[in-house]
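Colleague: Sequence:
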Amino acid sequence: MSYNVDKKGYYGQFGGAYIPEMLYPNVEELRKSYLEISEDSEFKKEFDYLLKHYVGRPSPLYFAKRLSEKYGAKIYLKREDLNHTGAHKINNTIGQILLAQRLGKKRIIAETGAGQHGVATATVCALMGMECIVYMGAVDIERQQPNVKRMQMLGAKVVAAESGSKTLKDATNEAIRDWINNPTDTHYIIGSVVGPHPYPDMVARFQSVISEEIKWQLMEHEGRDYPDKVIACVGGGSNAAGAFYHFLDNENVELIAAEPAGLGINSGKTAATTKKGKPGVLHAAKTLLMQTEDGQVVEPYSISAGLDYPGIGPMHAHLFDSGRGNFEYVTDEDALKACFEVSKLEGIIPALETAHAFAVLKNLELKKEDVVVINLSGRGDKDLGTLMKYI
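Residues 203 to 593 (this note's numbering) make up the sequence shown, in order.
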């Protein structure tokens, strides 16, 4: 079975491009050109140069001694929190801004939840001198003020989404509306492995640098180029897609996705898509999403703004559907406990999104020789406003 996208843009039964006619030229232009452009030697050279000298890659693969002692396994942390802007998001925005330039676009739009993708988009727009508009849910603007200020400092215009739950889903809706209204000069930098084909595959490819590095870094640490388990949090799922990418076909590697259970799976306040969702179309792709009997999207909930999404990317929907991925469900409470535990054991404050991945450790039956890699997708200073309430 293949876990990568097929020629029609599907992962198993999930994916595709369910788009309004107005967007067809944009999406078709991307679909026809993204592989040719991204595999061009000049593009690769510039992409690799910026990842090294601007982003600061490779990010370290750090052996977490005290966490390893506590959980009885060899636990490594892939330090995406040390990238410029503080998360994995910059890997994708560098790739997409270079793509947008080659397509002759002058204006960039993006959506953001936790604000990390917004900051990463504003950053590359400042770097390349391009106009930047970031759509963000009004609720997320309140809970992620530091990132809002960073975006504005970088020259981006932050536009509040006031509809629905005023979170990531609604910001994405507003960004798609903008794109429909400005189809010729605008490129939409989607921040996760969601949306119409080719976005899920394109974003996964730009993020695959994470697992590419894990392979050679583990060879240095352990004398083999794969772990027993890779753990990553999943909202839309770009950090997980990057961490899983080069291990998708290696059945020796267990792929573990941590989904946000919010106040509990059956509380009505959750974003555990694979548990509560069913197949449907969300943001122009067929995937798993939380919906009512008549197909209306159910409002998601998570303490972490970056996981507060009613669906998952089609790659992850396929990993769940096929049984290749192991999906674990983490409540707000367990994520908070894990966040404080990692901070006190390793001197690293993880993002609340990432804390969901750490919370999975207590559910696993680990052996001393097991090599576990956790994708530490972002740093937690953006969440201090939320975390302060629990100190």
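Simulated from the structure, these hints should not be mistaken for laboratory data. Be a bit skeptical, because a hint or two may be false.
Straight-line distance between alpha carbons at most 27 Å, and here's what the computed BS3-like set of lysine-lysine pairs gives [stated by the list, open to error]:
id, residue 1, residue 2
1, K471, K488
2, K351, K307
3, K272, K308
4, K272, K307
5, K234, K246
6, K234, K471
7, K488, K272
8, K272, K480
9, K351, K591
10, K477, K564
11, K368, K570
12, K477, K368
13, K471, K368
14, K272, K570
15, K209, K480
16, K351, K368
17, K539, K488
18, K569, K267
19, K307, K210
20, K417, K570
21, K247, K267
22, K480, K210
23, K471, K564
24, K254, K308
25, K210, K234
26, K539, K591
27, K246, K308
28, K471, K272
29, K209, K246
30, K272, K247
31, K308, K417
32, K234, K351
33, K210, K488
34, K471, K539
Colleague: It remains to establish, for every hint, whether it holds in the given structure.
Modeller: Against the structure, the hints:
Of the pairs offered as hints, the one joining K471 and K488 holds, with about 23 Å between alpha carbons and a cut-off of 27 Å not exceeded. Taken as a hint, the K351 and K307 pair is honoured in the structure, with Cα atoms around 26 Å apart against an allowance of 27 Å. Only pairs whose Cα atoms come within 27 Å are accepted, and K272 paired with K308 is rejected, the gap being roughly 51 Å. Between K272 and K307, the direct Cα distance comes to roughly 51 Å. Violation of the 27 Å bound is thereby established for this hinted pair.
Note on K234 and K246: the hinted pairing holds, with a Cα-Cα distance of about 18 Å set against a maximum of 27 Å. Straight-line distance between C-alpha atoms of K234 and K471 comes to about 40 Å, which puts the hinted pair past the 27 Å bound. Between K488 and K272, the direct Cα distance comes to roughly 41 Å. Violation of the 27 Å bound is thereby established for this hinted pair. About 37 Å separates the Cα atoms of K272 and K480, which puts this hinted pair outside 27 Å; it is violated.
Note on K351 and K591: the hinted pairing holds, with a Cα-Cα distance of about 21 Å set against a maximum of 27 Å. With a C-alpha separation of about 20 Å, the suggested pair K477 and K564 falls inside the 27 Å cut-off, and the hint holds. For the given pair, K368 sits about 45 Å from K570 by alpha-carbon distance, which is inconsistent with the 27 Å threshold. Note on K477 and K368: the hinted pairing holds, with a Cα-Cα distance of about 23 Å set against a maximum of 27 Å.
Of the pairs offered as hints, the one joining K471 and K368 holds, with about 15 Å between alpha carbons and a cut-off of 27 Å not exceeded. Taking the CA atoms of K272 and K570, the gap is about 11 Å. The hint holds against a cut of 27 Å. The straight-line distance between the Cα atoms of K209 and K480 is roughly 24 Å, inside the 27 Å bound, and the hint therefore holds. A distance of roughly 19 Å separates the Cα atoms of K351 and K368; the hinted pair therefore holds under the 27 Å criterion.
Distance check on the hinted pair: K539 and K488 sit about 34 Å apart at the alpha-carbon level, beyond 27 Å; violated. Restraint check for K569 and K267: the C-alpha separation of about 15 Å stays at or below 27 Å, so the hint holds. Annotation: proposed proximity of K307 to K210 holds, straight-line Cα distance about 25 Å (limit 27 Å). Distance hint between K417 and K570 is fulfilled; the C-alpha atoms sit about 21 Å from each other, no more than 27 Å.
Restraint check: the Cα-Cα separation between K247 and K267 comes to about 36 Å, which exceeds 27 Å; the hinted pair is violated. For the proposed pair K480 and K210, the alpha carbon gap of about 22 Å is at most 27 Å, so the pair holds. Between the alpha carbons of K471 and K564 the distance comes to roughly 23 Å, so the proposed pair stays at or under 27 Å and holds. In summary, the hint linking K254 to K308 is supported, as the alpha carbons are separated by about 25 Å, within the 27 Å threshold.
Proposed proximity of K210 and K234 is supported: the alpha carbons are some 12 Å apart, at most 27 Å. Proximity of K539 to K591 is assessed by CA-CA distance (about 13 Å); at most 27 Å being required, the pair is judged to hold. This hinted pair checks out: K246 and K308 have alpha carbons roughly 21 Å apart, not beyond 27 Å. Taking the CA atoms of K471 and K272, the gap is about 31 Å. The hint is violated against a cut of 27 Å.
Straight-line distance between C-alpha atoms of K209 and K246 comes to about 22 Å, which keeps the hinted pair within the 27 Å bound. The straight-line distance between the Cα atoms of K272 and K247 is roughly 42 Å, outside the 27 Å bound, and the hint therefore fails. Taking the CA atoms of K308 and K417, the gap is near 37 Å; set against the 27 Å cutoff, the hint is violated. A distance of roughly 37 Å separates the Cα atoms of K234 and K351; the hinted pair therefore is violated under the 27 Å criterion.
A distance of roughly 13 Å separates the Cα atoms of K210 and K488; the hinted pair therefore holds under the 27 Å criterion. About 19 Å separates the Cα atoms of K471 and K539, which keeps this hinted pair within 27 Å; it holds.
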